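Hints are included, so try docking the two chains, each in its own frame, into the full complex.
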Amino acid sequence: MRVLPCADSGLLVELDDLDAVRGLHAALRAAPPPGVTDLVPAARTLLLRLDPEVADSVEIERVVRGTRPVPGTEGSGELVRVPVVYDGADLAEVARLTGLTEHEVVAEHTRREWTVAFGGFAPGFGYLVGGSPRLEVPRRAESRTRVPAGAVGLAGTFSGIYPRSSPGGWQLIGRTGLEIWRPDRDPPALLRPGVRVRFQEQR
Amino acid sequence: MTAALEVLDTGPLSTVQDLGRPGYAGIGVGTSGAADRAALRLANRLAGNDEGAAAVEVTFGGFAARALRDLTVVVTGAPCPVTVGGRGAATDTVLRVPGGALLRLGAPERGLRSYVAVRGGLDVEPVLGSRATDVLSGLGPEPLRRGTVLATGPPPAHWAPVGFAPVAAPAAEELVLTVVPGPRDDWFTARALATLFGAPYTVTADCDRVGIRLDGPRLDRARDDELPSEGMVAGALQVPPGGRPTLFLADHPVTGGYPVIAVVVAADVDKAAQARPGLRLRFTARGRRGP
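Chains as they are written, first to last, in full-length UniProt numbering: chain C, 1 to 203; chain W, 1 to 291.
Treat the hints loosely; a few may be bogus.
Covered stretches of chain W, as calculated for chain C (at least 3 residues, CB under 8 Å) [to be verified]:
(1) 24-32
(2) 128-141
(3) 229-238
(4) 254-261
Each pair of labels, with its calculated beta carbon distance range [unchecked claim]:
(5) W:P154 - C:S76: 40 to 46 Å
(6) C:P83 - W:R110: 53 to 59 Å
(7) C:R139 - W:R110: 40 to 46 Å
(8) W:T83 - C:D51: 35 to 41 Å
(9) W:P161 - C:E53: 17 to 23 Å
(10) C:V54 - W:P228: 28 to 34 Å
(11) W:E51 - C:G169: 37 to 43 Å
(12) C:G66 - W:T204: 41 to 47 Å
Derived from the structure by calculation, the hints contain no laboratory data. These numbers come from a predicted model, not from an experiment. Even glycine gets a Cβ: it sits at the ideal position worked out from N, Cα and C.
Here chain W stands alone, though its shape is the one from the complex (with noise of 0.2 Å):
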């Protein structure tokens, strides 16, 4: 473990992620890790970490860090301007980032988070096995900050194969989410289900790593009778009384008590992380397989 990054500048919320500790909902402790868990693995990739490995989730740019020795470096996800030692870099590819270089990564175009992978992968304490920083739960590290110095493990054996990978763009204004109806869309009115699929929903300010609050016409309930508690998966849309659903993203509470009435699909949640405000949502409807 040597210290690799000194942290500058975490811009709106810069986090340590991983995928994330799976295996601890049965005691209440959510998954979290990577809010684009794609994202994350392809940065490691590039890097020839293990795909899980600890990286920085930047939240809408605005994150600076020196290089305390040389380093590579991997940026991913929301494409964002990349400078090392103040000229341009790009996204998705090896960067060499010499020790004393500055890495700075501005607002994305499109998109909200990017990802800062480091060869060795970031090494802090892991707490039940993860090094993911849950937002709800306050498990894992605390938020970067101005002043953190970030270690990396032991470099890995091998490189990956390719230096580069060509990546889809974030949607700019309209992005089509894949969604399966359940588990309780039977707790609506078949309008309901409907308008869903009809009408585009938008992306309020009201949306971290928990979920994304979004604004659109209401979905009805069919039965007004309380739900029990019940479990919850990322891509949940769960609505509330008011009738506006919630995405649920990486952070979202293990139960809940409002019903869900569709649930979208794991490649497409990865998607919805990087939704902005005032995006707007469709979703589609992917059958359910046959009885």
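Looking at chain C on its own, in the form it has when it is part of the complex (with noise of 0.2 Å):
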């Protein structure tokens, strides 16, 4: 572990991997120490956001060290269940690169659960995790001007779904209905950290 100054507004904490990632986000947001924010996971960070008028960023880095990140998070979400009509225009495209089947593509995607690792590329955003690691595929050449909300798309050895309209380079592969993204709900996100996800088949 690396913990790194954001001078007094955050201190950026380095990890192995996004499984340490989530063990110390899930023990931290059980009982986050004084001062701190917001936590902030990535792929190979956490970053705690700092109160700068009350945070001591000494001793949190301390509190920090001294936590024991909470073992195997994965399974203990939320499990929501999102329906997908697989009518990707990136379809074909997608299961060119990975060897596969048109039907096997949705048959590997929707196989096992996919849990959100973080958010951060827009209000309600997902990078899901774990699904199918026969899905990895590159992100588009060429990014969209406009994605729709709702399109389920893949990049990388992640799936997600585009919360409001907006551009994107993720190769999409299908849509849904469900509505991932609304400021006046509580929670707003459907797919926040640590929530298991399931996609099913709608014809």
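See the structure below:
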């Protein structure tokens, strides 16, 4: 673990891998040290945002270093079932890239549970991991200027659902009518870090 | 909730801001809120409001509004010519604006963002606990337009103990900002840090609530691999492949994939939010704390 300063506004904790990030995030979320306003998990880091007027960053670093990560957070979060119509514009390309048939791509995507690892791209967007190693594909060479809300995509080892219409470069394999993001709902985001996702084919 | 102000002119950009919506970064929602938080807080304190009440953030003057009833108003931040009913008024002090009178802010002599607090605080529909407009994510109220009517909440029970606050004027030509190296200073050459602390950088026209693109000598990287996206803070000096840093302000993206060479201390981020195109910035180091 490396703890890197972000002046008096944050501490960036660098960890070995996503599992370590999730373990520390789960532990600190359960008992956030005083002065920590936000926890921002990412692929290899956990950012603690601090209120500079009340946070004691030396003390917070001590707490972080002494925190026992919650082991095996996988499988413990809330389960969200996501109905998907698999008619995405890049489904054929994903099949070509993975050497699978389109039918097999859908089977792989729906076979296992995914878990929200972290957010960050836009309000309500969750990077989903753990679904299927066979679905690893690069981002599209060219980004689309508009991807509709509810589009289901793949990029790298991640899957994701566009919460709102926005530009985007992920390979689109389908769409869901489920409202992923609604600011006036509590919680506003369905896909919060730790939440498990099961995609279900809807014809 | 009673109607208080009818907006007649907004200048380049006027938005409602408070102290933002912390606590939602994990689901991709930025903090947002006043770019110059100290100026918003001062305006509210002088108006007798809670520090975090919503007020108007006026970018480079040009704001005009008609009082729909007798109001108590405070203008802080970038010092600009203020008139009430056509007569000159001051900033950083408590103003009475009679019902029907026009409140007008001219272009500031220095600085970029002025704040107009109204006693009672602006009452617009909060989104995730805040009335701030986030220009990056689109959360919060729309930017103000001609014809927008703003209401206020109930007047607070108390008045501020003082009616005027002496405030240092924003920098006119050169602004010195204190930074702490890191979190990714080790991704840059030793010379890059020396350059950051030795050379002036200029605020370009590419500056908004998200961040300020700076012009100046390149900050060269010591490694070329790709940084996995990681959480960002306001004040971060993020360096894209071109080598010229961007200084993140209130509506910065929650995560970013370019390394941050240094971070401006929180108190100085408010000063940076007053930097206008052409202003020269110099960075000075505050050391890392000991091991």
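Numbers of the earlier hints that this structure fails to satisfy, in rising order:
none
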